[in-house]
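A.B. asks: For the protein sequence lines, the chains are S and B, in the order given. In this text, residue positions in the first sequence follow the UniProt record's numbering: the first is 1, and each later residue adds one. In this text, residue positions in the second sequence follow the UniProt record's numbering: the first is 1, and each later residue adds one.
Worth flagging that the hints you see were computed from the coordinates, not collected in a lab. Note that the structure is a prediction, hence the values are computed from the model and not measured. Cβ atoms here follow ideal geometry from the backbone N, Cα and C, with glycine treated the same way. Certain hints may be false.
With a cut-off of at most 25 Å between alpha-carbon atoms, the simulated SDA-like pairs for lysine to any residue come out as follows [said to hold, decoys possible]:
(1) S/K293 - S/D137
(2) S/K226 - S/P11
(3) B/K187 - S/I103
(4) S/K293 - S/T54
(5) S/K118 - B/K187
(6) B/K187 - S/D121
(7) S/K118 - S/K226
(8) S/K118 - B/Q178
(9) B/K235 - S/V120
(10) B/K25 - S/P98
(11) S/K118 - B/V173
(12) B/K187 - S/R31
Taking CB as the label site, the calculated pair distances span [unchecked claim]:
(13) B/M222 - S/V120: 46 to 54 Å
(14) B/Q180 - S/R34: 33 to 41 Å
(15) B/L154 - S/Q16: 57 to 65 Å
(16) B/I29 - S/I240: 39 to 47 Å
(17) B/F294 - S/M113: 44 to 52 Å
(18) B/M222 - S/M113: 48 to 56 Å
(19) B/Q227 - S/V120: 26 to 34 Å
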Amino acid sequence: MSSSALEPAAPDLVCQMDNVQGMVDAFSAVRWKRHQDAVIELSEHGVVLIVEETSCLQAKVYLQRELFIRYEYHAEGRPRFGVSLGLFVDCLNTFSAPGRSSIIEIRYPGPDMQLLIKSVDSLDACIYAEIRTRIPDTISWDYNFEPAGSSPLSFTVKSAALKEAIDDLEWPGSSIKISLQPAPPCVTFKGEGHGDLQIDFMYYANTDLLIAFQCDHQISYRYKYKFLQAATSNLPSSVIRDNRGSKLTMGRGGMLKVQHLVSVARPSTSHPHVDSAGYQQPSRIAYIEFFVKPEVNEDAANDS
Amino acid sequence: MKFKAFLTENGVSLLEKRFLPALDKMGKICHLFLTRDHAIFLHNLLNGDGVQCIAQFRKEALFDDYRISSQNEDRIAFAIDISLLQRAVRSSVSICSEFGSGPSANCLQIKLVKKLPPNCTQPMPFLTFETKGYKSAVIQDVPISKPLSRAQVLELQTSLDMAQDLPQTLVQVPDLNQLQNFVDRMKHVGDVLNVSVSKHGDLHLQISTTLITLGAEFRKLMVIGEQADAPPEDKNLSAQTRAERAVLRGDAQSVQVSVKHFSKSLQCHLAKPDCAFYGIAPQGACLTVIFQFFIPGTHQTDKSISLHCRLPVLDPGS
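Could you put together the complete structure from these sequences and hints?
C.D. replies: Structure, rendered in structure tokens:
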């Protein structure tokens with residue numbers, strides 16, 4: 001092998017990150033099964049990781065360029081490549097040592113179109129990885145999310161409460177009806193099957209759980225339980241610890257958007273208790289979005 | 001065939017708090033090999049292709065009033081269940097501690113006995129713990145295998161002698177916890193670990209599959225044995241290239257071992273060694289890990305205790 005490891009041209013992306021655990025947390029949130037293919041899209045604004053399932057569920061993790069301590073982008077257009085999500089997360093996890101913030105450098109593409117990762121904070125101990133990338137599959141379904149009407153239909157609920165509610169709804173059946181009603185302002189999750197279970201978040205009664213609520217007419221849609229569970233069950237513990245909220249929005253045709261915020265702050269600078277009104281450094285947050293298609297159902301009770 | 005001895009306070013604490021927990025991780029059953037001067041715990045020396053682990057104590061490190069006799073040059077060996085041994089030692093400690101100030105002198109005797117267990121027609125061998133407390137005395141019988149035959153003991157002795165070969169180059173790993181953390185996370189990615197040790201003091205670990213190559217390089221480690229200066233032009237190379245070139249130059253050796261074995265051998269840190277050395281046996285026969293223990297309060301090697309592991313090398317063709 002020759003010693004000249006010089007790249008012919010600058011790679012599309014060279015970036016450095018000082019909180020690997022935050023990255024692992026963010027990507028783990030969209031890891032709902034063992035073998036999952038992910039598409040990574042690079043741009044001058046940051047890195048987006050996309051996973052989807054059977055044209056009914058899509059998840060995106062946005063790592064904005066502000067999260068990186070160095071971000072050098074040289075590509076034309078938006079390069080995209082496929083990786084195995086599980087392998088990528090397990091690999092990143094190797095770089096994260098408990099109780100120590102380690103800096104990694106990510107580079108794409110390598111000489112053989114690999115994704116290259118290496119630790120850069122110590123001269124005498126170095127960890128490195130090369131992950132094979134694939135030509136990405138075309139995204140099978142357009143998840144363009146459009147608002148349902150002139151005024152948004154959305155609510156923000158504490159992530160822990162949302163996760164708990166979805167977990168509790170596991171037993172009744174395979175589909176969950178989510179209803180919003182303006183008066184009295186209330187969100188209802190209802191599962192029917194082997195019995196039924198209904199969980200209500202009353203806006204005025206649970207202001208500590210249901211933080212925001214916007215709805216001008218009654219609406220309800222059914223969603224597959226397994227997709228709602230995928231969107232909530234893998235939230236990293238930091239989300240619960242930081243007491244964050246998740247925002248759910250119903251778009252045109254009942255498409256549900258679930259948004260989570262995951263901290264990518266360095267452990268030394270993170271606040272142990274960030275209350276919902278408290279200041280959160282916007283640049284140290286990774287945004288996670290799930291898009292869930294509703295179940296097709298003729299007798300869907302839509303009063304819109 | 002006779003064996004009896006008193007476990008010293010130091011011996012009890014070495015076994016109970018450090019060595020037995022570590023050895024338990026190496027495998028449930030091990031051989032205990034007793035000679036005139038040493039007590040040796042051996043894993044996988046006679047059978048199997050697992051990690052060989054050898055913990056050797058000079059008799060004074062564990063025992064007082066050590067008496068052994070057998071027709072085979074006063075050597076006795078048998079197989080014993082580590083977790084049972086650990087339980088017996090642990091409960092003996094609690095009984096001895098009834099005195100208030102911890103185990104006192106000569107309150108814990110161990111000896112080999114043959115007893116007729118209930119519902120059996122044939123006497124069975126046991127390692128018996130006799131513990132004398134302030135108010136109570138307790139006898140615990142730990143079942144053991146039939147003592148090994150003369151031929152088996154010879155075989156054990158031969159493989160033990162063979163296992164004493166030192167690699168030509170050993171590098172010191174300063175932080176076992178860091179290494180263990182890394183390997184524990186790394187093992188999700190693949191099964192086969194490529195390990196190379198160089199005379200320049202580099203330890204290079206790498207897992208390589210069709211989808212991913214993941215590696216770690218630890219440099220400028222202390223070297224014992226054959227060493228060499230790294231060529232300056234290697235300084236700016238990638239870890240992988242550097243390791244490959246060192247192997248080609250003959251300044252490094254490289255072997256493949258199972259990630260599971262590697263991770264298991266790191267469990268030896270439960271014995272609280274003061275440092276660890278990695279080396280590759282001549283002809284790449286195995287990967288050797290030697291744990292070093294200092295005399296408390298000094299930086300001098302405690303020669304009465306030794307612990308090392310030998311990891312079988314995987315056939316690169318497989």
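A.B. asks: Below or equal to 25 Å on CA atoms is what counts here, so check S/K226 against S/P11.
C.D. replies: Roughly 39 Å separates the two Cα atoms, so the pair is violated.
A.B. asks: When you check the alpha-carbon spacing of B/K187 and S/R31, does it fall within 25 Å?
C.D. replies: holds (19 Å)
A.B. asks: Could you grab the alpha-carbon distance between S/K293 and S/T54 and see if it respects the 25 Å cut-off?
C.D. replies: holds (11 Å)
A.B. asks: With the threshold set at 25 Å, check whether the alpha-carbon distance from B/K235 to S/V120 stays at or below it.
C.D. replies: holds (15 Å)
A.B. asks: Regarding the pair S/K118 and S/K226, is the alpha-carbon distance no greater than 25 Å?
C.D. replies: The hint is violated at about 36 Å.
A.B. asks: Within 26 to 34 Å or not, the Cβ separation of B/Q227 and S/V120?
C.D. replies: Roughly 28 Å apart at Cβ, these two residues keep to the hinted range, so it holds.
A.B. asks: Would you say the C-beta atoms of B/I29 and S/I240 sit inside 39 to 47 Å of each other?
C.D. replies: holds (43 Å)
A.B. asks: Would you check the hint for B/K187 and S/I103, treating anything up to 25 Å between C-alpha atoms as holding?
C.D. replies: Judged against 25 Å, a Cα distance of about 21 Å means the pair holds.
A.B. asks: For S/K293 and S/D137, compute the direct alpha-carbon distance and say whether it is at most 25 Å.
C.D. replies: holds (20 Å)
A.B. asks: When you check the alpha-carbon spacing of B/K187 and S/D121, does it fall within 25 Å?
C.D. replies: holds (23 Å)
A.B. asks: What's the verdict on S/K118 and B/K187, does the C-alpha distance respect the 25 Å limit or exceed it?
C.D. replies: holds (18 Å)
A.B. asks: Within a Cα-Cα threshold of 25 Å, do S/K118 and B/Q178 meet the stated pairing?
C.D. replies: holds (17 Å)
In the structure shown, a violation is registered for the earlier hints numbered 2, 7, 13, 14 and 18, in ascending order.
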